[in-house]
Amino acid sequence: MTILGISCYYHDSCAALIHDGRVVAAAQEERFNRDKYSPVFPIQAVNYCLQEAGLTIYDVDEITFYEKMYLKFERTVLSHLAGYPFTLRNFLDTMPLWLKDRLTVSATIEDELSIKRPVRYVKHHLSHAASGFLLSPFERAAILTVDGVGEYACAAYGSGSGTAIELRKEMHYPHSLGLLYSIVTAYLGFRVFSGEGKVMALAEYGEPSFLDEFRKIVHARSDGSFELDTSYFSFNRGDRMHNRRFEKLFGSPRPPGEELNDRHRNIAASLQRLTEIVLIDMVRHVARESGEKNLCLAGGVFLNVTANSRIREESDFQEIFIQPAAGDAGAALGAALYLYHSVLGNPRMPSLKSCALGASFSDRAIQVLLRNRGVRFRAMESDELVAEAADRLAAKQIVGWFRGRMEFGPRALGNRSILAHPGDPEMKDRLNLIIKHREAFRPFGASVLREHMAEFFEQDWSSPFMLFIARVHAAKIDAIPAVVHVNGSSRIQTVTSEENGIYYDLIEAFRERTGLPMLLNTSFNDSEPIVHTPEEALRCFEDTDMDCLVIGGYLVEQ
Amino acid sequence: MRRYWDRFKWWSRRLGRSIQAVVITVLLALVYVIGLGLTRLGAELFSRRYLKLYSMDRSKGSLWVDAEGYEANRLDRQF
Ligand SMILES: [Fe+2]
Numbered sequence: 001m002t003i004l005g006i007s008c009y010y011h012d013s014c015a016a017l018i019h020d021g022r023v024v025a026a027a028q029e030e031r032f033n034r035d036k037y038s039p040v041f042p043i044q045a046v047n048y049c050l051q052e053a054g055l056t057i058y059d060v061d062e063i064t065f066y067e068k069m070y071l072k073f074e075r076t077v078l079s080h081l082a083g084y085p086f087t088l089r090n091f092l093d094t095m096p097l098w099l100k101d102r103l104t105v106s107a108t109i110e111d112e113l114s115i116k117r118p119v120r121y122v123k124h125h126l127s128h129a130a131s132g133f134l135l136s137p138f139e140r141a142a143i144l145t146v147d148g149v150g151e152y153a154c155a156a157y158g159s160g161s162g163t164a165i166e167l168r169k170e171m172h173y174p175h176s177l178g179l180l181y182s183i184v185t186a187y188l189g190f191r192v193f194s195g196e197g198k199v200m201a202l203a204e205y206g207e208p209s210f211l212d213e214f215r216k217i218v219h220a221r222s223d224g225s226f227e228l229d230t231s232y233f234s235f236n237r238g239d240r241m242h243n244r245r246f247e248k249l250f251g252s253p254r255p256p257g258e259e260l261n262d263r264h265r266n267i268a269a270s271l272q273r274l275t276e277i278v279l280i281d282m283v284r285h286v287a288r289e290s291g292e293k294n295l296c297l298a299g300g301v302f303l304n305v306t307a308n309s310r311i312r313e314e315s316d317f318q319e320i321f322i323q324p325a326a327g328d329a330g331a332a333l334g335a336a337l338y339l340y341h342s343v344l345g346n347p348r349m350p351s352l353k354s355c356a357l358g359a360s361f362s363d364r365a366i367q368v369l370l371r372n373r374g375v376r377f378r379a380m381e382s383d384e385l386v387a388e389a390a391d392r393l394a395a396k397q398i399v400g401w402f403r404g405r406m407e408f409g410p411r412a413l414g415n416r417s418i419l420a421h422p423g424d425p426e427m428k429d430r431l432n433l434i435i436k437h438r439e440a441f442r443p444f445g446a447s448v449l450r451e452h453m454a455e456f457f458e459q460d461w462s463s464p465f466m467l468f469i470a471r472v473h474a475a476k477i478d479a480i481p482a483v484v485h486v487n488g489s490s491r492i493q494t495v496t497s498e499e500n501g502i503y504y505d506l507i508e509a510f511r512e513r514t515g516l517p518m519l520l521n522t523s524f525n526d527s528e529p530i531v532h533t534p535e536e537a538l539r540c541f542e543d544t545d546m547d548c549l550v551i552g553g554y555l556v557e558q
Numbered sequence: 001m002r003r004y005w006d007r008f009k010w011w012s013r014r015l016g017r018s019i020q021a022v023v024i025t026v027l028l029a030l031v032y033v034i035g036l037g038l039t040r041l042g043a044e045l046f047s048r049r050y051l052k053l054y055s056m057d058r059s060k061g062s063l064w065v066d067a068e069g070y071e072a073n074r075l076d077r078q079f
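Residue numbers (our numbering), protein chains in the order written: chain A, 1 to 558; chain B, 1 to 79.
Same shape as in the complex, but just chain A (with noise of 0.2 Å):
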């Protein structure tokens, strides 16, 4: 049984591949197109999934789309028919989206794919759900999902039991989450989708003293649900979606590149805190419903580490369970799982340990590229690496580091990381201005030794997927300046041998060196997508001031 799982035509379109009961490969096409969050048919992604699992296209036996295109016409078609007639800019824009590809979903499917097969339409939010829980450890478990909006679904809960999954209850739009906070995005003058994080991370510098103000657009009730007070947006009325009488509670909006001010971060700080005090809210509310030990969230909200840290300290869950690509790309696999799972009946696959979905790349191929390109480089044996990268690391060197499959969702997870030493004072800066070109106030994260987690941080959890953030013992924070966010906090991936051995072995040698059992992570990029292929971590190599490059078996210097 082959099962092909695709999500696409809003943002970080994707697709996934289950066969032979296994999930074969998941792969977003931004690594592919190198458009970062493309929303384009991810037909190189397709093409990928079924390079990596040797089939064609006529060995796929169903096609699962992750979310029913109809339903959300009918919404967009009623928030214009509200807004009737100051949305017709808007209904200009986005009409030809809607007739040229979003309406005729599975004839685009037909001709790119050039195969006819059925599509099954599994709802967004189902989806979503799917993702995060038929890959979780639980035979049973609480489900929360919250996200900017699906169809008309912008959060929904239920529970999962073996194969199968319900969904009870969910909140419509426009009361969304995420919708508030990528207005909320927009308006400080970050890029929708992208700057969510960032508005995250300046949250940590400000005050909340914005809450009243959101507690006015807020209405929130003691079971999580909340109701947004439309009279502050403009919805489908131009390129704001926050209206005057918002700009008259928190004053104008920040254009893009303008200096962040104390309100911009106060504003922020805000909103974080009012995102954590309603998620925290909605899960105390699903415990309390479910009666469940356990809790699976999934939905582009729970890409918020912050939040999702308060939500494992504050909750009455024992354990909770998060898919790496928490986002619209998870969906893609998420709708593939729940027919082969809860719709066939398949029996449960092993839980994901580790999120390696993507494409490798021999060391044959790499070394003719080296070659090729008249590359200096050396051949290693993998140990003789690892002693050789944590000699170069524990010397305050910034080193590139390409090996193994592409992880699926946002982050890097060392095997196209960017790695560096976590206590040099001088390397958040250092990375932030000459390799990755991106705002000083963002922090960076740490790949830590399971076994060692303890020593260093308060709490003592496993975060395979780097979406949790700990609190640095406060005598350990002049330690690990580099890693260590202003609010004494670090974002944070446990590494065990099980998961990612030589990365293990890498993270030991540099414990053995310098005593910190962890080294500052961040993603193999600059500003544009991760790298994917040798060529483009070559390049990201070649055009910043990255000291050296692992690359499969070998070393590449400046």
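Quick caveat, the hints were computed from the structure, so don't treat them as lab data. Just so it is clear, CB atoms sit at the ideal spot from N, CA and C, and this is done for glycine as well.
Incomplete in silico selection of chain B near chain A, CB under 10 Å:
{"hint": "1", "residue": "24"}
{"hint": "2", "residue": "25"}
{"hint": "3", "residue": "28"}
{"hint": "4", "residue": "32"}
{"hint": "5", "residue": "37"}
{"hint": "6", "residue": "50"}
{"hint": "7", "residue": "54"}
{"hint": "8", "residue": "60"}
{"hint": "9", "residue": "61"}
{"hint": "10", "residue": "65"}
{"hint": "11", "residue": "66"}
{"hint": "12", "residue": "67"}
{"hint": "13", "residue": "70"}
{"hint": "14", "residue": "75"}
Negatives, chain B to chain A, calculated, CB over 12 Å:
{"hint": "15", "residue": "2"}
{"hint": "16", "residue": "3"}
{"hint": "17", "residue": "5"}
{"hint": "18", "residue": "6"}
{"hint": "19", "residue": "7"}
{"hint": "20", "residue": "8"}
{"hint": "21", "residue": "9"}
{"hint": "22", "residue": "10"}
{"hint": "23", "residue": "11"}
{"hint": "24", "residue": "12"}
{"hint": "25", "residue": "13"}
{"hint": "26", "residue": "14"}
{"hint": "27", "residue": "15"}
{"hint": "28", "residue": "16"}
Based on the hints, put chain B with the ligand in the right spot on chain A.
Below, chain B with the ligand without anything else, positioned relative to chain A:
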């Protein structure tokens, strides 16, 4: 000669595309102004529930509603 022919083809293609875009925009504007306008009028007169997407109700105890349409036998439909 060939160069002029290529240039002519390029310009005519561009012109064709521009005309197509203008025609589509005009048609869509008509759909909006007339089609959606009449629908709105109908909704105002006969069924205001179609206009309630952005309305609020502070008296509601909870915004959670029953989840619908998740049945497995609806997977072949887009609604
Ligand atoms: Fe979503």
